[in-house]
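A.B. asks: When you get a sec, could you build the whole thing from the sequences and use the hints?
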Amino acid sequence: MKIKILGSGSGIPTLGKNHACVWINFSDKNIIFDCGEGTSQQLLKNGLDKAALDVIAISHHHPDHVSGIFMVLQLLHLQNRTKPLNIYLPEDIDFFVKMLNYLYTFPTKCTFKINFALTSEITKDIPEIQAIPSNHMLGYKDFVRQNNFSNKLMSYSFLIRYNSKQVLYSSDLWSTKSIEKYYPKTDLLIIDALHPEPDKILEIPDKTDARIILNHGLSEKLEILISDERFEIANEENEITL
25 MKIKILGSGS
35 GIPTLGKNHA
45 CVWINFSDKN
55 IIFDCGEGTS
65 QQLLKNGLDK
75 AALDVIAISH
85 HHPDHVSGIF
95 MVLQLLHLQN
105 RTKPLNIYLP
115 EDIDFFVKML
125 NYLYTFPTKC
135 TFKINFALTS
145 EITKDIPEIQ
155 AIPSNHMLGY
165 KDFVRQNNFS
175 NKLMSYSFLI
185 RYNSKQVLYS
195 SDLWSTKSIE
205 KYYPKTDLLI
215 IDALHPEPDK
225 ILEIPDKTDA
235 RIILNHGLSE
245 KLEILISDER
255 FEIANEENEI
265 TL
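Residue numbers (the numbering used here): 25 to 266.
One thing to keep in mind: the hints can contain errors.
[Stated by the list, open to error] Here are the simulated lysine-lysine pairs, BS3-like style, with alpha carbons at most 30 Å apart:
#: 1; residue 1: LYS201; residue 2: LYS231
#: 2; residue 1: LYS53; residue 2: LYS26
#: 3; residue 1: LYS148; residue 2: LYS209
#: 4; residue 1: LYS53; residue 2: LYS189
#: 5; residue 1: LYS205; residue 2: LYS165
#: 6; residue 1: LYS26; residue 2: LYS205
#: 7; residue 1: LYS205; residue 2: LYS176
#: 8; residue 1: LYS201; residue 2: LYS148
Hint data in this document are derived by calculation from the structure and do not stem from the laboratory.
C.D. replies: Rendered as structure tokens:
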């Protein structure tokens with residue numbers, strides 16, 4: 025299994041960093057988890073354009089995790105890709121397709137077929153991947169209800185198991201509670217180091233022997249406190265092999 029963080033930035037644009045995207049390769053499949061701004065250039069840089077990419081899986085519909093998908097689809101169309109592409113979305117596929125139509129990126133006019141499914145259903149197609157519901161969007165609950173919006177408040181972390189190795193990509197979290205039970209058997213943990221309580225991040229090395237990569241920025245307290253050698257800061261140049 026090969027892993028590379030193609031986008032490690034937070035929701036605030038940062039010079040030298042792309043927005044959220046993690047590439048994983050196993051069993052001859054090239055999968056990207058999240059597709060923030062800058063992903064299309066990263067695909068070109070890493071030879072993942074044209075027919076190389078198999079799956080895009082989106083954790084939640086914040087712009088820094090999904091805004092790059094429009095340029096990725098345009099890139100692949102203009103490259104005359106013919107291989108089908110599977111896209112997993114956390115909610116409201118019909119609305120997303122309408123957005124593509126609004127941007128004149130008509131799925132029915134693409135040179136390749138796009139197969140849409142919900143992120144929650146990814147295990148049915150790819151048994152090695154488990155989508156773990158998270159609490160990241162629940163802070164919008166009252167606002168969505170009061171305004172009668174259709175948002176479903178869905179967000180996910182991802183667990184990937186292949187050849188006795190396990191990768192856990194948290195994506196964005198307000199609390200680590202939903203993923204903590206997976207720590208002990210995890211070999212590589214890519215953890216949101218911006219949103220969760222810093223104390224919950226700092227105690228992770230006591231719960232796992234995993235390689236721990238701090239992703240998506242750092243909270244102010246973590247910047248001050250982190251000295252443990254088992255923590256690494258996400259680097260968009262490093263490829264990891266498990």
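A.B. asks: None of the hints should be skipped; say for each whether it holds.
C.D. replies: Outcome of the hint check:
1. LYS201 - LYS231: holds (13 Å)
2. LYS53 - LYS26: holds (10 Å)
3. LYS148 - LYS209: Distance of about 22 Å is within 30 Å: holds.
4. LYS53 - LYS189: Satisfied, since the Cα-Cα distance of roughly 16 Å is no more than 30 Å.
5. LYS205 - LYS165: Roughly 26 Å between the alpha carbons, so the hint for LYS205 and LYS165 holds.
6. LYS26 - LYS205: Holds: LYS26 and LYS205 sit about 24 Å apart, inside 30 Å.
7. LYS205 - LYS176: holds (25 Å)
8. LYS201 - LYS148: holds (25 Å)
Violated hints: none; the structure is consistent with every hint.
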